[in-house]
Amino acid sequence: MGAGLLPGPMSPEERVEALTHRLLADHPPAATDRARFLAAQYDAGLTWVHHPVGHGGIGVERDLQRRVFELLTSAGAPNLQVESRLAYSMGAPSVVAWGTAEQRERYLRAIATGERWCQLFSEPGAGSDLAAIDTRAVRENGGWRVTGQKVWTSMATSSQRGMLLARTDPAQPKHRGLTYFVLDLTAPGVEIRPLRQITGEAEFSEVYLTDVWIPDADRLGPVDAGWKVAMSTLMNERDMFGTKATESGPVELALALYRERAGDDPALRSRMARLWLRGHVLRLYAARAARRAGGAPGPESSVSKVGFAELNKAGYELCLDLLGDEALLYDTYEPSGGASRDPRRLFLRSRANSIEGGTTEIMRNILAERVLGLPAEPRVDKDLPYSSLRRG
Amino acid sequence: MGAGLLPGPMSPEERVEALTHRLLADHPPAATDRARFLAAQYDAGLTWVHHPVGHGGIGVERDLQRRVFELLTSAGAPNLQVESRLAYSMGAPSVVAWGTAEQRERYLRAIATGERWCQLFSEPGAGSDLAAIDTRAVRENGGWRVTGQKVWTSMATSSQRGMLLARTDPAQPKHRGLTYFVLDLTAPGVEIRPLRQITGEAEFSEVYLTDVWIPDADRLGPVDAGWKVAMSTLMNERDMFGTKATESGPVELALALYRERAGDDPALRSRMARLWLRGHVLRLYAARAARRAGGAPGPESSVSKVGFAELNKAGYELCLDLLGDEALLYDTYEPSGGASRDPRRLFLRSRANSIEGGTTEIMRNILAERVLGLPAEPRVDKDLPYSSLRRG
Amino acid sequence: MDEPAELRDLRSTLRRMLAKSAPESVVRQHLESADGFDRATWQRLATEIGVHGLAIAEEYGGAGCGLRELVVVGEEFGRTLCPGPFLSTVLLSATLVARSEDRIAMRAVLPGIADGTLVCTVALPGHGSGWDAAETTVTAAPDGEAWRLTGTIPHVLDGLAADLLLVPARHDDLVSVFTVTPDARSTSVEPVLAMDQTRRFARVGLASAPATLVGRPGAAHELVAEATTIAAVGLAADQVGGARRMLEVTTEYALTRYQFGRPIGSFQAVKHALADMLIGTELARAALDDAVRAVDEGAPDLATAVSAAKVVCSETYYDVAAAAIQLHGGLGFTWEHGAHLYFKRATADRILLGSPAHHTERLAAALGL
Amino acid sequence: MDEPAELRDLRSTLRRMLAKSAPESVVRQHLESADGFDRATWQRLATEIGVHGLAIAEEYGGAGCGLRELVVVGEEFGRTLCPGPFLSTVLLSATLVARSEDRIAMRAVLPGIADGTLVCTVALPGHGSGWDAAETTVTAAPDGEAWRLTGTIPHVLDGLAADLLLVPARHDDLVSVFTVTPDARSTSVEPVLAMDQTRRFARVGLASAPATLVGRPGAAHELVAEATTIAAVGLAADQVGGARRMLEVTTEYALTRYQFGRPIGSFQAVKHALADMLIGTELARAALDDAVRAVDEGAPDLATAVSAAKVVCSETYYDVAAAAIQLHGGLGFTWEHGAHLYFKRATADRILLGSPAHHTERLAAALGL
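Residue numbers (UniProt numbering), protein chains in the order written: chain A, 1 to 392; chain B, 1 to 392; chain C, 1 to 369; chain D, 1 to 369.
Hint data in this document are derived by calculation from the structure and do not stem from the laboratory. Values in this document were obtained by computation on a predicted structure and should not be read as measured data. Treat the hints with care, since some could be wrong.
Unchecked claim - Covered stretches of chain A, as calculated for chain D (at least 3 residues, CB under 8 Å):
no.: 1; region: 193-205
no.: 2; region: 319-325
no.: 3; region: 382-390
What the hints assert, rightly or not - DSSO-like cross-link-like pairs, simulated, lysine-lysine; straight-line CA separation at most 27 Å:
no.: 4; chain 1: B; residue 1: K313; chain 2: A; residue 2: K313
no.: 5; chain 1: A; residue 1: K382; chain 2: A; residue 2: K228
no.: 6; chain 1: B; residue 1: K228; chain 2: B; residue 2: K382
no.: 7; chain 1: A; residue 1: K382; chain 2: B; residue 2: K313
Backbone N, C-alpha and C fix where the C-beta goes; we use that ideal spot for every residue, glycine too.
Start from the sequences and build out the full structure, keeping to the hints where you can.
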């Protein structure tokens, strides 16, 4: 059912509302199979409203997608932004920017109908220095043979595909010899191992690739241009981190504990007020940045990233102090896969906030260099072939 | 009067005590001309007890000098460590380490009898990067013709000589073409201009050198080896900063203001206790470092330097908050040359503590590199001729 | 900058004008002048752009805009350290008189403020924590239709330059606001030196000084609270403007100052310090915008939004100005370089209209902690 | 290190022994064991080096040394996370019993601690701020010559492993210390999971449990205060040892981990973070040394010196361990790397025997603020 069937001249807002209501009327979520509902949503151009017609959109402003999700969520329909976060928010924009017509057709529909993707960039030797990845992809049989080790992969076990960055030409400088693939995780040679962390959970995985064959049709973007593709993926990640962090709410938790336990300790009172203030200002900033950006994430998201990382750490530290002696205890170190809201677990978890998705140090570099225009540090590795670099 | 005239076998402590008492008995400070007293002190080997006999010492441990000064001060005698701080504590050790026999004879006696020295290292273009100095010294007439501008010189107007670092060979890398001179400040071409600062005072000067002629006899150390000579001077400065800072006492001032004004504000109370604690621990550390070092300053003094700089800033900030609305006011911005103890003036003055004598950033580099052994950053200027370097 | 066009125009007009009327050389001329600013220049800002009357109603000679416009002025003045009684006259006095709804007082005061001919100040009983009118020690005694005030106010902003003083004073069981026109007989005004060299304070003594009541008797608490709340947002704008300027100046220095053969801005220590300055100013601006919104909408969270902005902007300006000195090294510590003027202003701005501790306390109370 | 030779010898002997008996593999084996340590290894430390009895008088099987020696042990245990009831048994229990001057109790308890056969703990009523014996909710009732205790203590360190509990309990108007030998009938011991995986806590319930008085009736306040004060110095040593270790490990990592073609330790951000870790550990050691001096001399500034050390060492260890995780990047956040074990221990050490807030309050009181 095309957009053309709708009555009269309407504002984009009105069109989006009307289309969504019609989708919900034609396919009542309670009575419709999930995949069928999602396919109908895609065909109605309501998966990514800013995409062109035929690619899950109707070519209106990206911001209007928010309204679609509001209506869908309150009607009990699936919300891909939450359920397939990486595929929806990071995979799809990269496919749109770099994919062939065939790939857009294939991947966007797959994502729109529920396929989940994970990210296969980081490696043990390539953290902050992401371009130092060592996973090798060698041409073979109209495709690529890939071997290497990836790490810090979220949701690997529940995903069908992975956004993979691999080195295709070690003789070029490190940023230049990389290529981006969309890896089928069921391919032979893919092994996923849970990676246990400080909290006891295994929220991430290590992914071992041993002679995995990838058809060339699953290469996204030109050969040796993977760095640029990966950058467009990452810009969307950083933006997402900002959003995600606003939801995690140590401030609310601390307020609840404060009201329950703080008594009249003036030091705790003033820490509580200060924590609230920090959260308040970061939320104001994030809202302002979202309005300003009109959807396109920029280096400003690094401000939120740094701010929320520090807020979370300070917030859960305050929670711990509010817990008194109970801060000595823990709920369970057994990997439970659960979403425990135990403040002690969240306290431990928050230590990673200044590391994951770009360390605070790297964020500060980005702000200084891209926003303030300060010069990069002298680079010893920039123009040398990757194969000649010192690593470790 | 030589040390040999003293009776029997004595411990070094006893010798120092006995010699000092005899000095005071033979030259009662109240009745003795200052210069004559100082000359007698030098001849008695009590100016730098650790120097060899004949150079103002008796070859005992450096620590024992403290006892000499205690006795002198309580007897009302001059104390060079206070009165000619730079000459006594920085100039003399450099002369001992690098001077010819003739220079030791001449300079040590001059310092011992009251000559004051200032330091002429820093330049507008050479701050943290001290080796970037641009003042040029060219051989002429058995001496050197010097032109350039120095800055941040303490006590220039009350000094007779300056420890001067100048570039003698711009074709060499920047650390290597420097030479160290002891400059007679009354020489033609030396112009001293007061440099006013944030507090309104002009505690420092700029020193302009225009075609100043220095005899080669006043060169300290080999030609083009000035960097090493300067380093030995600076190691003694950093040590002095540690000592000086322990005396400046924002903690005492804050305590007095707190008792006078704080009322029962719990936040001020806890800040006061924390400030006291920081000061307490830094004093413990400084005492420990002094015991450990047995007098020889090392990179540990950077710990004190950083710590006291931060303590002073935090301390005077607390003083300001304790002053309430009076923190809005000031005593006078007229240069008064006085030693005002107004907390607002000390507050402004403290901003320089993390800059002067090596910035906190440089101190952290020193600790990381010299104590922890971390590698230096890539240096773009290390092996290039000074004349080819980019400056600004 | 994603500013609406009309604000952007105001900003650029003002910036051009200030580049001529308040360059650093002019700011420095006034560091030691008695009033701290030049009346003729101050009036020109009023007549040529109408800066002082932006938020004053049209019937009193103003432009009838909101705080949104005035905040642009606050930022640009803060950016240049523009000499003039902006805080005392335009922010505090005009707001207090306008809020009094006393039409006689409004006619007497507002047009003069709008056209730049009247310098006016509020003789607040305290700054960092005591500007509650109830803390006044000045007393008012009736004198026929008029009043006479007696008492001392220790630190009156622009007290020497003021043609008119707004003074909270106690009478019966009430505290009301009065106007006093300083005269040699009943008013003593002694300048007291401020640490912030761009500001002037005076100790004002009133000995049975003739005075006129402004607004309702007993309205002082409310009027002073409203005026200081609005003025705090203007002051927060001053802080954001100053912080932005220090960020720009320091960035520029980090790009052009070479040490160890490369710009100091290429060292991570400098880079990260500047990134923190950037983060601070970005967050401060978000807090400022929100306070402006709350005032202009008369939102229920007004008090919280203003206190939040005052805390954040105070601490940011102070930290940014302190970092500017540090990153300039010795140069930043000299009288000759401008950084110290901003640092001193940041130190004063932090205290004026409520210290961070004071506003944090208000936030804690508002949160019910 | 400018340590006297005898301490240096003790340290190197111990370090050698711990390298064998408590390498990381052994530490990890005990992360999930019930007691958290191995009794045989614990006894070997007693018999081979006499670690546990260093500060116990010779007549009770100890070496009669001072706290100086014991602090070396605390540091080395902290450095390796050596599994064992050092804090509960050697620091708290031995000190409390020794200070009671109750010769019967001393004979019953100290030799067993010294030879490593007796595991003993003090059932403190609270940790971060409540270890004042007066806060106990356990009550004691006389039973002929002996006593019976009833009540619950929620977080008893090494409560499950303990052969003997020292319990402050209330009777009449007094609070006294009693020993209880846990038995199945009258004592319930339920393990509660600790965040610090190197430590074990239990909830101990006493239902008319047979007990023996230790020391004078009513001496609990004094005995617990003395024991916790001395033990706090031992805990500060644990903190210094752990912090030094994290500094070393992170320095090593910064030297060998390459990013952007060079060791991460050559980046100023990493360098300066490590310099701050160094500064912290240096200052913490100075504070620790001073507390040891104060205890061994019985100096009048004892309480101040100990509180100062506990605050500084607590915050340093926490900050250093947190920085260690940050500088290791993702690796530091894994279960596999040891950094999290130190961070968790630092989190617990910060609370045990008084949080920084609690000891700062004591300092403030001592300064007469």
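Checklist entry - Holds or violated: K313 (chain B) with K313 (chain A), Cα cutoff 27 Å? => result Distance ~26 Å between K313 (chain B) and K313 (chain A) Cα, so the pair holds.
Next on the checklist: Please verify whether K228 (chain B) and K382 (chain B) have alpha carbons no more than 27 Å apart.
Outcome noted: Holds, at roughly 16 Å.
Next on the checklist: Quick check: do three or more residues in the region 382-390 of chain A have a beta carbon closer than 8 Å to a beta carbon of chain D?
Outcome noted: holds (count 3)
Item to check | Check of the region 319-325 of chain A against chain D for coverage (Cβ-Cβ below 8 Å, three residues minimum) | outcome: Three-residue rule met by the region 319-325 of chain A, so holds; n is 4.
Checklist entry - Under the criterion that the straight-line Cα-Cα distance not exceed 27 Å, is the pair K382 (chain A), K228 (chain A) satisfied? => result holds (16 Å)
Checklist entry - Holds or violated: K382 (chain A) with K313 (chain B), Cα cutoff 27 Å? => result violated (41 Å)
Item to check | Coverage of the region 193-205 of chain A by chain D, judged on three or more residues with CB within 8 Å | outcome: holds (count 5)
Going down the numbered hints, you'll see the structure goes against just number 7.
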